[in-house]
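Asker: Keeping their order, the protein sequence lines are chains V and W. Residue numbers for the first sequence follow our numbering, beginning at 1 and rising by one. Residue numbers for the second sequence follow our numbering, beginning at 1 and rising by one.
It should be emphasised that the hints constitute simulated quantities derived from the structure, not laboratory data. It cannot be assumed that every hint is accurate.
The calculated DSS-like cross-link candidates involving lysine-lysine, where the alpha carbons are at most 30 Å apart (straight line), are [as the list claims (entries may be wrong)]:
hint : chain 1 : residue 1 : chain 2 : residue 2
1    : W       : K393      : V       : K38
2    : W       : K393      : V       : K165
3    : W       : K79       : V       : K56
4    : W       : K43       : V       : K165
5    : W       : K43       : V       : K56
6    : W       : K43       : V       : K38
7    : V       : K167      : W       : K155
8    : W       : K155      : W       : K43
9    : V       : K7        : W       : K393
10   : W       : K413      : V       : K38
11   : V       : K7        : W       : K155
12   : V       : K38       : W       : K283
13   : W       : K43       : V       : K167
14   : V       : K167      : W       : K422
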Amino acid sequence: MPDGSLKLRGRVTVVLGDNVDTDLIYPGRYLNVTDREKTAEHLFELAYPDIRTALKPGDFIVAAKNFGCGSSREQAAAALKFAGAGALIAASFARIFFRNSINLGLPAVVAPEACAACAAGDELEIDLAAGEIRNLTQDRLVHAAGLDPRAVELLAAGGLIPYLKRKHAA
Amino acid sequence: MGMTLAEKILARAAGRETVAPDQIVVARVDLAMSHENADLVRKSFLEIGVARVWDPSKIVIIFDHRIPAESEKTATTHKAVREFVAAQGIQNFYDVGRGGICHQVLPENGHVRPGMVLVGTDSHTTTHGAFGAFATGIGATEMAGVWTEGALWFKVPSTLRIEVGGEFRPWISAKDLILRVIGMLGAAGADYQAVEFDGPAIRSMTVASRMVLANLSMEMGAKVAFTPVDETLLDYLRPRTTEKLEMIGPDPDARYQRVIHLSAGEDLWEPQIACPHAVDNVKPLSELGDVPVDQAVLGSCTNGRLEDLEIAARILAGRTVHPHTRLIVIPASQQIYRSALRLGYLDALVAAGAMVNAPGCGPCVGVHQGILAAGETCVSSTNRNFLGRMGSKDSRVYLASPAVVAASAVAGKLAHPETIVKEVPCLTEV
Numbered sequence: 001m002p003d004g005s006l007k008l009r010g011r012v013t014v015v016l017g018d019n020v021d022t023d024l025i026y027p028g029r030y031l032n033v034t035d036r037e038k039t040a041e042h043l044f045e046l047a048y049p050d051i052r053t054a055l056k057p058g059d060f061i062v063a064a065k066n067f068g069c070g071s072s073r074e075q076a077a078a079a080l081k082f083a084g085a086g087a088l089i090a091a092s093f094a095r096i097f098f099r100n101s102i103n104l105g106l107p108a109v110v111a112p113e114a115c116a117a118c119a120a121g122d123e124l125e126i127d128l129a130a131g132e133i134r135n136l137t138q139d140r141l142v143h144a145a146g147l148d149p150r151a152v153e154l155l156a157a158g159g160l161i162p163y164l165k166r167k168h169a170a
Numbered sequence: 001m002g003m004t005l006a007e008k009i010l011a012r013a014a015g016r017e018t019v020a021p022d023q024i025v026v027a028r029v030d031l032a033m034s035h036e037n038a039d040l041v042r043k044s045f046l047e048i049g050v051a052r053v054w055d056p057s058k059i060v061i062i063f064d065h066r067i068p069a070e071s072e073k074t075a076t077t078h079k080a081v082r083e084f085v086a087a088q089g090i091q092n093f094y095d096v097g098r099g100g101i102c103h104q105v106l107p108e109n110g111h112v113r114p115g116m117v118l119v120g121t122d123s124h125t126t127t128h129g130a131f132g133a134f135a136t137g138i139g140a141t142e143m144a145g146v147w148t149e150g151a152l153w154f155k156v157p158s159t160l161r162i163e164v165g166g167e168f169r170p171w172i173s174a175k176d177l178i179l180r181v182i183g184m185l186g187a188a189g190a191d192y193q194a195v196e197f198d199g200p201a202i203r204s205m206t207v208a209s210r211m212v213l214a215n216l217s218m219e220m221g222a223k224v225a226f227t228p229v230d231e232t233l234l235d236y237l238r239p240r241t242t243e244k245l246e247m248i249g250p251d252p253d254a255r256y257q258r259v260i261h262l263s264a265g266e267d268l269w270e271p272q273i274a275c276p277h278a279v280d281n282v283k284p285l286s287e288l289g290d291v292p293v294d295q296a297v298l299g300s301c302t303n304g305r306l307e308d309l310e311i312a313a314r315i316l317a318g319r320t321v322h323p324h325t326r327l328i329v330i331p332a333s334q335q336i337y338r339s340a341l342r343l344g345y346l347d348a349l350v351a352a353g354a355m356v357n358a359p360g361c362g363p364c365v366g367v368h369q370g371i372l373a374a375g376e377t378c379v380s381s382t383n384r385n386f387l388g389r390m391g392s393k394d395s396r397v398y399l400a401s402p403a404v405v406a407a408s409a410v411a412g413k414l415a416h417p418e419t420i421v422k423e424v425p426c427l428t429e430v
């Protein structure tokens, strides 16, 4: 979301289950990769290598509860962002992962019914501020939790670094 | 209305009279810890563009994930962090051979005190709740923000209280208790919550054992996890710091989201094992049948402390590691390493056929010092058994107590310590 827009449109790459941990998203062996863009090369490498090739710029990843549990590794959120994900939608997120995503400018949207209401390939429209997801393919509305104003502010700035850069330049 | 310990610490750090769950507060940070990922933090910090960190005396950097450097890539990041630390005047830096695992080094050297707000770029930062600190993990970019501003926003967590009475049965430890709790509540069972452990069974625990509870609470999603601030804890801290220590605890009329009562004796009859590939996939040992193990690992921020090495040494003394099994032992810190040398624990373990690695995270994160091949099985005293965590995606990790790890190393398969040793050893380390 480099332009800071709070409305997104994209396609669902995949619908995942509960407790997708950060080791699955980004294996520990690549933690010494500190160039954020390069983390994308290892996204889901051990468990679901097909996701990276299927993921098109602006796509959404949908998951059930506790997405991103486990390690605090920021590379997990970075790999998703730089592989092209436009937003993450899950029934719930693990807290460190959630903050990492927002801090990197990658929207993480809590939507308890998203798994049941979306299938791979569906076209979605997300309104981050309103907390609303429209599944255009299935022509249905999916309720999402509205983002905390603090998170909206960070996303609108493009992430924590641009936000702090602006704040401390003044 | 009274406050829980998490609420009390956050209220104070945010400069408020009271706070309540779900409120967003900006809290002052007392201590900011990073390990190798300080290199990521450094990069984000440089991007933000301020010249100096907010307070170099409140930053601690401890190398532990890849020590000594296992590759040129790591050597380069280590070097970059060393240069940054020197340029910023960060005194609390524990380089190769000076510290060990961050979560052991921080308390051991008196950096952690009750009532503090502590953030670390490591999920197991919850460990420091055993010292009465509001301690939680954050990501690298978030830490760059802390290095810039010395403060962070938090959502005040609701609190789950777990009271444990009774006495532990022979061979049953803190690891078995917390695995049982995680098995009951699930990997998301305490998501975003604070956890308070208390009760006679908790208060009778050593500080090292309490750290196991706070450490592994992260695996059920806890933001922070506390054990009581009592005389046992203050006795541990007094020789390590000249700062004033405060006996801080929840108010008697604090409001809890949920209170769970457990009995150490009645609810824990046998060792608990987290089976592949999830920490909440917990089963009692007797239900698992014959599980041959290729590798046994004793170490990590969860269970690499002196009492863990002692019980393993007592089980392995005069015995040998099974010919089909490799035993890898990693003391959690240089201080523990020295004590275990002095007390003869490492000699007993090496004589039995164990390989001792240098203090650090070892193979737990899957980068070095004992990676698993496809088809291999490991029993480990560490904290995660996710798919591919310790090597091949076709390997399996079973998480267990140090006593079960040691017994399994002798048996060559998952084993109850009572099948190896008739009498439960009386531990000297407290």
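Asker: Between W:K43 and V:K56, is the straight-line Cα distance small enough, at 30 Å or below?
Answerer: At roughly 28 Å apart (the allowed maximum being 30 Å), V:K56 and W:K43 satisfy the hint.
Asker: Taken at face value, is the distance from the CA of V:K167 to the CA of W:K43 at most 30 Å?
Answerer: The given pair, whose Cα atoms are some 18 Å apart, holds under the 30 Å limit.
Asker: Within a Cα-Cα threshold of 30 Å, do V:K38 and W:K283 meet the stated pairing?
Answerer: Given pair V:K38, W:K283 is violated - Cα atoms ~39 Å apart, limit 30 Å.
Asker: Holds or violated: V:K167 and W:K155, Cα atoms, limit 30 Å.
Answerer: 22 Å, holds
Asker: Holds or violated: are the alpha carbons of V:K7 and W:K155 at most 30 Å from each other?
Answerer: 25 Å, holds
Asker: Compare the distance between the alpha carbons of W:K393 and V:K165 with 30 Å, and conclude whether the hinted pair is satisfied.
Answerer: 40 Å, violated
Asker: Taken at face value, is the distance from the CA of V:K38 to the CA of W:K413 at most 30 Å?
Answerer: Between W:K413 and V:K38 the Cα gap is close to 40 Å, so the pair fails against 30 Å, i.e. violated.
Asker: Are W:K43 and V:K38 close enough, with their CA atoms no more than 30 Å apart?
Answerer: Between W:K43 and V:K38 the Cα gap is close to 14 Å, so the pair holds against 30 Å.
Asker: With a cut-off of 30 Å on the C-alpha distance, tell me whether W:K393 and V:K38 pass.
Answerer: 22 Å, holds
Asker: Under the criterion that the straight-line Cα-Cα distance not exceed 30 Å, is the pair W:K79, V:K56 satisfied?
Answerer: Violated, because 37 Å separates the two Cα atoms, which is more than 30 Å.
Asker: Could you grab the alpha-carbon distance between V:K7 and W:K393 and see if it respects the 30 Å cut-off?
Answerer: Violated: V:K7 and W:K393 sit about 38 Å apart, past 30 Å.
Asker: Would the pair W:K43 and V:K165 pass a check requiring their Cα atoms to be no farther apart than 30 Å?
Answerer: 13 Å, holds
When the structure is compared with the earlier hints, violations turn up for hints 2, 3, 9, 10, 12 and 14 and for no others.
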